[in-house]
Amino acid sequence: MSSAVKLSVGERCARQPAPSSRGSSKAGSESAFAISPETLHELISDGGHDATKRLASIGGLKGLASQLKTDLAHGIDNNDKKAITQRREWFSANELPEAEETSFMDMVWESLEDRMIQILIVSAVVSLVLGLTVPDQDTGLVDYAHGWIEGTAILLSVTIVTLVSSINNYQKEQKFKELSKATPPVKVQVVRSGTTLDITDKELLSGDLLNVAAGDVLTVDGLVLRSTSLKVDESAATGENDDVAKSAHGDFVLRSGSNVTEGEGTILVMGVGVHSFAGHIAMHVREAKEETPLQHKLEELANLIGYMGMVAAGLMLVLLSGKELLDTVVYRKHPFGYKKYLDNLMTAVTIVVVAVPEGLPLSVTIALAYSMKQMFKENNLVRHLAACETMGGATTICTDKTGTITQNDMSVTDGVTAYGVAYVVPRKPSTFAGEDEKVNSGTLASPSPLLQTSTPMDVSAALGGAQAAGVRRLLMECIAMNTKATWVRVESLEAKQATVRLTGSKTEQALLNFVDALGEDPMQLRSERLSRLNEEAMRTPSSPFSLVPWPTGLAGTSSNVVAAAATFTKDLRIYPFTSARKRMATALVLRPEKLVRYYVKGASELILAECTHTYDAQGERVGLSHEVRVRLEEAIMAMARRQLRTLAIAYADYPLSADYSATPQDSSNSDEGGAAPSSPFLADDTQLAGLTLVGIVGIRDPVRLEVPRAVAQCRRAGVVVRMITGDNKATAVSIAKEVGIYGKVWFGPAEGEQGLALEGPQFRELAKSARKLNAILPRLQVISRASPMDKHILVSALMKRGEVVAVTGDGTNDAPALKGANVGFSMNSGTEVAKLASDVVILDDNFSTIVTAMKWGRNVHDNICKFLQFQMTVNVAAVVVSFTGALLDRNGDSPLKPVQLLWVNLIMDTLAALALATETPSDEVLLRPPKPKAAPLITRRMWLNIAGQSLYQILIQQYLLLGGANTLGLAVRDSEELHTLIFNVFVLMQLSNEFNARILDDSVAFWHNLGNAPMFITVVGTMFVIQIVSVQYGGTLMQCVPLPLASWVTSLALGVVPLLLGFVLRRIGVVEREIPPPLPVVDTEEEAALQLALKQHVCPTLRDTVGKVRMQLRVLKAFRENAQEQKAARNRSS
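According to full-length UniProt numbering, the sequence shown is numbered sequentially starting from 1.
There's no promise every hint is true.
When the alpha-carbon atoms are kept at most 25 Å apart in a straight line, the in silico DSS-like pairs for lysine-lysine are as follows [what the hints assert, rightly or not]: (1) Lys82 with Lys62; (2) Lys231 with Lys82; (3) Lys800 with Lys931; (4) Lys202 with Lys81; (5) Lys800 with Lys772; (6) Lys202 with Lys69; (7) Lys772 with Lys1095; (8) Lys69 with Lys53; (9) Lys373 with Lys484; (10) Lys729 with Lys582; (11) Lys819 with Lys933; (12) Lys231 with Lys53; (13) Lys53 with Lys82; (14) Lys729 with Lys744; (15) Lys187 with Lys82; (16) Lys800 with Lys297; (17) Lys582 with Lys373; (18) Lys373 with Lys819; (19) Lys297 with Lys931; (20) Lys484 with Lys231; (21) Lys187 with Lys81; (22) Lys729 with Lys768; (23) Lys819 with Lys768; (24) Lys737 with Lys768; (25) Lys373 with Lys297; (26) Lys231 with Lys819; (27) Lys333 with Lys377; (28) Lys187 with Lys931; (29) Lys297 with Lys744; (30) Lys772 with Lys729; (31) Lys1095 with Lys768; (32) Lys594 with Lys582; (33) Lys800 with Lys582.
To be clear, the hints were calculated from the coordinates, so they are not data collected in a lab.
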């Protein structure tokens, strides 16, 4: 072995001094394990050279495995349940303990921390004490029978308000807790007892052998045992944005919280749960409760209203107390007493309690909690609260194609031979079925559109002849070898034979089914090709596996291609697919043939451009002529125009140097994680040259039936849909046309113009100029051959120009765009990195579900505006009536008593929030354009409704207070009955106005869409019943007297008027304030360069222009004379 070759983890550490027994004696005395989880955490935290030294101190990799009681080849013993339980108890489970839950009593204490509530409680207690100790100033006796009622009623009202608020908050917390638990578990693959198992990430234990691959999010710490091109993003842990290569021979420490961005490998699990790197940090920094932007706006508005209420209450307290002081000290109308001042204080404080709209933030909470729960039922898993409301203002949706616009049910329906002859593939009942497909369904694929325009030959005719047998075999070999898809056999008690299910990407499943359609078992073909490698495979120091058979579907064999590939890391290398390269390659050392074969598949036009050879109709390998290349390019375009995704299948053979012609036992060790100097493989598959084309296949992925309707809904809603896909431009445009994305621009400054479709490289070039982006973005509808970076550039550019952008993504490289967008939607089938970066997870991967989220987002905003419209009306009316009524009353008594105002506060804050914030959306919310971000929270129409309804309520209350009851023919006996009448009319007007508050536009009928609000009807009905009971039977507790029937009829008549008034107000035309469009983005450097170029540009003079024309005429004359001389020479020779 060369001295230049790096040592593996085990080899390096084995050469270090013997392990110290110091840190393990204590652990050994307390547990069956000789190592503590704290020691594992320290090893991971150190990293780098320190980690190597610490690992050496415990005996290297073998010593660590011994102390963890695990086997580096077979993993932990899965059959010993007692040992697994002990392992979980000692090293902890891979989940963090739940944060300390806020109890119901904590919610109650939080509600009682409100300063105004505290003042009200103190005032009520003082009132209770004075009522039972101070004699009445008129009788001179203490009224023990009634002196306790007022104070007790206020305390009871405060108790009810506090309890209702606390119950709502507690239920809200429980709903969020349920939603957080609804997150689907993450599946991972481990090796236990020598068998590959699928478990959830929460079942991982220290000592497990965990297989990781691109797209995984590490929830545990680990040491790399084996890797292939493994790179991780450690920015969450280290802050470094560059991907870090990991291997057993280099940096072998993996920290939890890292994202696997490329390659695959196997790691030894170290710290889990609270003892992992990320868990240790998370336990110190628990995530705080998040507040949405709308909640911030409403809190600011609530504070402003509260300050105004405090000013009014303070002014009233000063005026009433001054009036009382004049009556007792100056005019001596009655002796001085504390009771009146206390009553004035309680009324003032109660007005403040009513004026402060605590219900505004509560309405947001209820609306969001309710919407999150309902959206989950409709396949939207909301991860961040702000996404609910932000989605309602979305102006642009940037969506993927595969699986979102299309069904992700792929099948090969067409193909082209290596020499340019098209054929069709009739779909037969496949031996294999995808994870979501039924086996042996017997359904046939719809005929290819190609059949409607021409009559291409069948696949059996094109590839079934004796001359094409070798090419057909090579085509199937290229597909079967260059894939990560495999299949598992599922035994069924009911079926007579086992069910076969394919795993892996849908594209690779379609290709394997195509091989099956050609009459070969792809797994058997793969096994035959690898049989020699099986015979010669060796166990490498950095691999935890001994011989792991390649998947054949037989009992006891691994179902994971990656795990099986570990056996062949000397003679096989996988170059994983990436969006940047648009291809995947697998390299195989063929020692008998003394060559390395690279199997390649990828974007057809890109692969074809690198091909130099092909096969002719006789099955001979020949050079790729210009004529055949043009024919193949035309065939690719023809399939792309029919919405087929085209893939080219090719290979390249490289000679194997003499150093590697020997068997693996005679060869030296090499770094599995990359191309070490001793590796026979190229470091990067983009270095391949001279590819040989074997064939091109067309894969059909049908459009989801509901997508055209969803796109049409976006069109009506004023939302622009843009499609970003890695497919060919013709394929992308064809599908975009079918679903309605591509065509005339339907919204924005370019409305009516033809949409624009660009390829990724074109877009990236144009994106370098802010001026060019300003010109193309309003028309841009499709980006084909796009990379994830294109998506991120597009999202950033749109957001800079004031757009509210929603974006979909499913890959690891989509994470920047998902994180940077206003709302990021990840697919449930996507990687964990994408899900963690997103705001909403689409559980069914369906574009129409995004439209549903947009509908709920607009509904959340509408419901909050409805509550705001209602509460502003009640606030204004209650404060003005209490203030003016107390000043106009001879005794200075407010017509609305503190206990009554607290009941009104309960109606406003809690019950109205519940009634108005839980209305379900209708499709009508998608019939209007989104509201700009700069739009005011309260529109002009809302102000008109608030002002009109408040003015009516204030005038009616003052009319009744100043003797209007007698004018209406009511025989009011005393002030108590009058105040009860005023209170009753006031509450009934609020109940009627709640119906008006539901209408935010100019809809005439107050019952519009009432069927979508069952909770509203229930709450309003309940409040009406409670009001009847309060007035008729509340007595001194509510400071009311029973009203006769005539008073009730009058109250109902006056209380119903707001319904009619609302009809009139909605008939008044209102012009909303126009929101100017955002200013175009200006790149100062670009503009400065343009200005400089204009200054340097000198207009040519007339002499210069004439000189250039004369020069061109002389050149033209010389060409003509030369042509004439050549013609004369030819005539003379003839």
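Hints versus structure:
The hinted pair formed by Lys82 and Lys62 meets the criterion: a straight-line CA distance of about 24 Å does not exceed 25 Å. A C-alpha spacing of about 36 Å is found between Lys231 and Lys82, which places the hinted pair above 25 Å, so the restraint is violated. With a C-alpha separation of about 17 Å, the suggested pair Lys800 and Lys931 falls inside the 25 Å cut-off, and the hint holds. Taking the CA atoms of Lys202 and Lys81, the gap is near 17 Å; set against the 25 Å cutoff, the hint holds.
A distance of roughly 14 Å separates the Cα atoms of Lys800 and Lys772; the hinted pair therefore holds under the 25 Å criterion. Restraint check: the Cα-Cα separation between Lys202 and Lys69 comes to about 20 Å, which is no more than 25 Å; the hinted pair holds. With a C-alpha separation of about 21 Å, the suggested pairing of Lys772 with Lys1095 holds against the 25 Å cut-off. Proposed proximity of Lys69 and Lys53 is supported: the alpha carbons are some 21 Å apart, at most 25 Å.
With a C-alpha separation of about 37 Å, the suggested pair Lys373 and Lys484 falls outside the 25 Å cut-off, and the hint is violated. A distance of roughly 14 Å separates the Cα atoms of Lys729 and Lys582; the hinted pair therefore holds under the 25 Å criterion. At roughly 20 Å between alpha-carbon atoms, Lys819 and Lys933 fall within 25 Å of each other, so this suggested pair holds. Restraint check: the Cα-Cα separation between Lys231 and Lys53 comes to about 23 Å, which is no more than 25 Å; the hinted pair holds.
Of the pairs offered as hints, the one joining Lys53 and Lys82 is violated, with about 33 Å between alpha carbons and a cut-off of 25 Å exceeded. Pair hint Lys729 plus Lys744 holds up; C-alpha atoms about 18 Å apart against a cutoff of 25 Å. Distance hint between Lys187 and Lys82 is fulfilled; the C-alpha atoms sit about 24 Å from each other, no more than 25 Å. Proximity of Lys800 to Lys297 is assessed by CA-CA distance (about 22 Å); at most 25 Å being required, the pair is judged to hold.
In summary, the hint linking Lys582 to Lys373 is not supported, as the alpha carbons are separated by about 39 Å, beyond the 25 Å threshold. Distance hint between Lys373 and Lys819 is fulfilled; the C-alpha atoms sit about 23 Å from each other, no more than 25 Å. Proposed proximity of Lys297 and Lys931 is supported: the alpha carbons are some 16 Å apart, at most 25 Å. Our distance criterion of 25 Å between C-alpha atoms is met by Lys484 and Lys231, whose separation comes to about 18 Å.
Our distance criterion of 25 Å between C-alpha atoms is met by Lys187 and Lys81, whose separation comes to about 21 Å. Among the hinted pairs, Lys729 with Lys768 is consistent with the structure: their alpha-carbon atoms are about 21 Å apart, no more than 25 Å. At roughly 22 Å between alpha-carbon atoms, Lys819 and Lys768 fall within 25 Å of each other, so this suggested pair holds. A distance of roughly 28 Å separates the Cα atoms of Lys737 and Lys768; the hinted pair therefore is violated under the 25 Å criterion.
For the proposed pair Lys373 and Lys297, the alpha carbon gap of about 24 Å is at most 25 Å, so the pair holds. Simply put, Lys231 and Lys819 have alpha-carbon atoms about 21 Å apart, close enough for the 25 Å limit, and the pair holds. Taking the CA atoms of Lys333 and Lys377, the gap is near 68 Å; set against the 25 Å cutoff, the hint is violated. Between Lys187 and Lys931 the alpha-carbon distance is near 40 Å, which puts this suggested pair outside the 25 Å criterion.
A threshold of 25 Å between alpha carbons decides the hint, and for Lys297 with Lys744 the separation of about 37 Å lies outside it, so the pair is violated. At most 25 Å may separate the alpha-carbon atoms for a hinted pair to count; Lys772 and Lys729 meet this at roughly 21 Å. Restraint check for Lys1095 and Lys768: satisfied, since their Cα atoms lie roughly 23 Å apart, inside the 25 Å limit. Between the alpha carbons of Lys594 and Lys582 the distance comes to roughly 29 Å, so the proposed pair goes past 25 Å and is violated.
Only pairs whose Cα atoms come within 25 Å are accepted, and Lys800 paired with Lys582 is rejected, the gap being roughly 29 Å.
Going through the hint list in order, the structure does not satisfy hints 2, 9, 13, 17, 24, 27, 28, 29, 32, 33.
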